[in-house]
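There are 2 protein chains.
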Amino acid sequence: MDSVKVGIVGCGTVGSGVVKILLQNRDIIEERIGKKIELSMVADRDVEKVKKLGVPEKFIVNDGFKVVESEVDIVVELIGGTTVAKDIVKSALENGKHVVSANKALFASYGEELFSAAFENGVSIRFEASVGGGIPVIKALNEGLVANRIEKILGIINGTANFILTEMTTRGISFEEALKIAGEKGYAEADPSLDVDGIDAAHKIAILASIAYGGWVTINDVYVKGIRDITPLDIDFAHEFGYRIKLLAVAKPDNGKVEVRVHPAMLPEDHILSSVDGVFNACLIEGDFVGPTLYYGMGAGQRPTASAVVADIADIACGRGSSVPVSLLKRGAKIPVKRPGEFVSSFYIRFTAVDKPGVLAKISSILGKYNISIKMALQKSIALNGGVPVVMTTHEASFKTVKVAIAEIDKLDVIVKPTFLCMIEE
Amino acid sequence: MDSVKVGIVGCGTVGSGVVKILLQNRDIIEERIGKKIELSMVADRDVEKVKKLGVPEKFIVNDGFKVVESEVDIVVELIGGTTVAKDIVKSALENGKHVVSANKALFASYGEELFSAAFENGVSIRFEASVGGGIPVIKALNEGLVANRIEKILGIINGTANFILTEMTTRGISFEEALKIAGEKGYAEADPSLDVDGIDAAHKIAILASIAYGGWVTINDVYVKGIRDITPLDIDFAHEFGYRIKLLAVAKPDNGKVEVRVHPAMLPEDHILSSVDGVFNACLIEGDFVGPTLYYGMGAGQRPTASAVVADIADIACGRGSSVPVSLLKRGAKIPVKRPGEFVSSFYIRFTAVDKPGVLAKISSILGKYNISIKMALQKSIALNGGVPVVMTTHEASFKTVKVAIAEIDKLDVIVKPTFLCMIEE
Chain R
1 MDSVKVGIVG CGTVGSGVVK ILLQNRDIIE ERIGKKIELS MVADRDVEKV
51 KKLGVPEKFI VNDGFKVVES EVDIVVELIG GTTVAKDIVK SALENGKHVV
101 SANKALFASY GEELFSAAFE NGVSIRFEAS VGGGIPVIKA LNEGLVANRI
151 EKILGIINGT ANFILTEMTT RGISFEEALK IAGEKGYAEA DPSLDVDGID
201 AAHKIAILAS IAYGGWVTIN DVYVKGIRDI TPLDIDFAHE FGYRIKLLAV
251 AKPDNGKVEV RVHPAMLPED HILSSVDGVF NACLIEGDFV GPTLYYGMGA
301 GQRPTASAVV ADIADIACGR GSSVPVSLLK RGAKIPVKRP GEFVSSFYIR
351 FTAVDKPGVL AKISSILGKY NISIKMALQK SIALNGGVPV VMTTHEASFK
401 TVKVAIAEID KLDVIVKPTF LCMIEE
Chain X
1 MDSVKVGIVG CGTVGSGVVK ILLQNRDIIE ERIGKKIELS MVADRDVEKV
51 KKLGVPEKFI VNDGFKVVES EVDIVVELIG GTTVAKDIVK SALENGKHVV
101 SANKALFASY GEELFSAAFE NGVSIRFEAS VGGGIPVIKA LNEGLVANRI
151 EKILGIINGT ANFILTEMTT RGISFEEALK IAGEKGYAEA DPSLDVDGID
201 AAHKIAILAS IAYGGWVTIN DVYVKGIRDI TPLDIDFAHE FGYRIKLLAV
251 AKPDNGKVEV RVHPAMLPED HILSSVDGVF NACLIEGDFV GPTLYYGMGA
301 GQRPTASAVV ADIADIACGR GSSVPVSLLK RGAKIPVKRP GEFVSSFYIR
351 FTAVDKPGVL AKISSILGKY NISIKMALQK SIALNGGVPV VMTTHEASFK
401 TVKVAIAEID KLDVIVKPTF LCMIEE
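Chains as they are written, first to last, in our numbering: chain R, 1 to 426; chain X, 1 to 426.
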């Protein structure tokens, strides 16, 4: 039986999970793939920690570059970040090593450079764990749906944000309270901004869009808005209109461009993604032949993420190549990305206005002037920051026009607070 | 760019879909995989039909064995059945051709023989389309979750049966009425028994169980019960107890054996599979590291099924091997399968009894004698075939014991109709 030598760089949460799998399930994995997997080297600053996992001391080093320069066939980069991790990955590739990584930020920033280096050196990069944790969604998109033009990707791909919105929805609590619970449960970092500001989801959708549309989409191409300004009030209004609020990642092609965005969105309550709650992730991928398909599971955590990393190791051991289309391996593949001003959507808009006659007329006359067509409107006598909420949903309209109209409305003396705007995904 | 020559045997619904994909999406597929796909030969008795799809006449033959004996690299078997299809596949393999197929019956009956022939001849078989239509669930199980011991597979993998049960549930109609609608919509065949009697789902779960547990499970190893005796009354009672009735395919390991079954089951209404409605399919796969994962999409139909067939062609073109574990390729891999008498489950039981005092006491004393513990009981004064329904759910009990107890109860003179029994999957 052939064997493949694996070196792990970074033995934190995910790295320890990979070691655990290789200790517990190696027999069944080797039987399935018909190759031996040898864990030859583990690099971590904390040698004692690695020893406690059951890795013999002779296999442990304290410098990731020692792994890169060793005899391993596959370098598993699990240190995260885009600085040292990039150097490790780049030199691994240049040393003719295959790379497995869970690093979404790295590939959403330097995908083109790194895959191009892999191509030039005749080695593979796989990074299933970078999106959707243990769910094999990159494999599904790149291999399973290879026959399809991808019409749309809708993802709930940040478990922390989804947990917070689920808590807010089911318990009627504020963002701050829900964030606190997420922190207590270990779902939110001390600095939660990567998660709640949508940046982590933006990294992930950039990767999925790159694979689906065959050109590198980077984090800078993604329109990003987080969930900090979602209030229980908007969650309630959403419910009255038949919607759930989710932090949604969207990628879809339109007229030779790709639209890639991450933001809170209202989804119909009977939409399959509306029932994805808590820390779970799900990705809805629609192809022109296959129709809608959904992939669901744990989007984070030691064990699910390690499951995806080991699947990548097995795939490389079986010679299954990189986890992006061959067309992406060559430098320079680019696709035009839409600017936010080009987005078209239906919207939920909440104005905060003084409780006087004529307010609705003033607002709707400005919307009318911009040809923004109102679908439903609701005015409630709830005191809110010195005003009352006036809530509307619109038919499809240009994001740019809606923002211009709202800016004009917000200058009206009947408006007492900046207006809240949220896209609706039907 | 390397190229791969493909020959299709059988150009019916799925075959025509494959031709359509290769005509419409070949550009994008070839870009993604970096290989050319040449459709070199199509065999069908109806040559005119194939010409109408846009296949040049010189590529069309009327005998599948001509494809097998030609220069093609991959034979795509899409004639179905287990007689001629088996001969075609066997001789293709012996002629050194890779095989792609959508034929669940073939592999659930002759998987061991055919994969062993593939192994001996150094070629691959892929059959993604055989389970879950366009959903890449075999790929997920065999490759994406390779690092996991599979703790459970729960599948809704027959779209026709699921459509019928969904219609019965949402519209309160009988099995016969729902079957008629399924026929009118083209979801049910003239002879619907493969679908409604659970045989198609049994073929599919046999294949999934074989992959998950590394030993061949055949259709004869699967306990199968269909949905013909499901009534609107049981659907209503299920709802009162908080359950939905689905035709469920189950595979799970227990104590060195594998339990593989297909039957109507009650699922809690908030179970993720309970919301899989209509012709949609979904498969919940739980691994020891990844936790629960779900794969959802169109389980049948020309376009989704063809999507899976073409993905297999692409995988073979990329040298990705067979879609079963290497351990399955060798003849003789067997795993012990549980007999139905060994199943343990909680149950829903509906007795039809005369409307007299003491009936419940008689029934429950027999259940008590067999140590079957009642969880909930409900007696209603609805006239039903000369009796009233007495409905119960039980705690976990042996299937064998429950059947013995029911046989004894059914002999009581207060029981007027044979008792209805349904497993509950919590």
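Everything labelled a hint here was simulated from the structure, so no lab data went into it.
Each hint should be verified, as a subset may be incorrect.
If chains are identical, the list can't say which one is meant, so a pair holds when it fits in one copy or spans any two.
Under the rule of at most 27 Å between Cα atoms (straight-line distance), these lysine-lysine pairs were calculated in the DSSO-like manner [to be verified]:
| id | residue 1 | residue 2 |
| --- | --- | --- |
| 1 | K417 | K330 |
| 2 | K330 | K35 |
| 3 | K252 | K35 |
| 4 | K185 | K225 |
| 5 | K49 | K330 |
| 6 | K380 | K49 |
| 7 | K185 | K252 |
| 8 | K20 | K257 |
| 9 | K152 | K35 |
| 10 | K417 | K5 |
Hints and how they fare:
1. K417 / K330: Classified as neither; 50 Å inside a copy, 71 Å across copies.
2. K330 / K35: between (30 Å within a copy, 15 Å between copies)
3. K252 / K35: between (39 Å within a copy, 26 Å between copies)
4. K185 / K225: within (24 Å within a copy, 43 Å between copies)
5. K49 / K330: neither (40 Å within a copy, 41 Å between copies)
6. K380 / K49: neither (58 Å within a copy, 63 Å between copies)
7. K185 / K252: Neither: 34 Å inside a chain and 31 Å across chains, both beyond 27 Å.
8. K20 / K257: between (43 Å within a copy, 25 Å between copies)
9. K152 / K35: This pair counts as between: shortest inter-copy Cα distance 25 Å, intra-copy 37 Å.
10. K417 / K5: neither (61 Å within a copy, 66 Å between copies)
Hint compliance for this structure: hints 1, 5, 6, 7, 10 are broken, all remaining hints hold.
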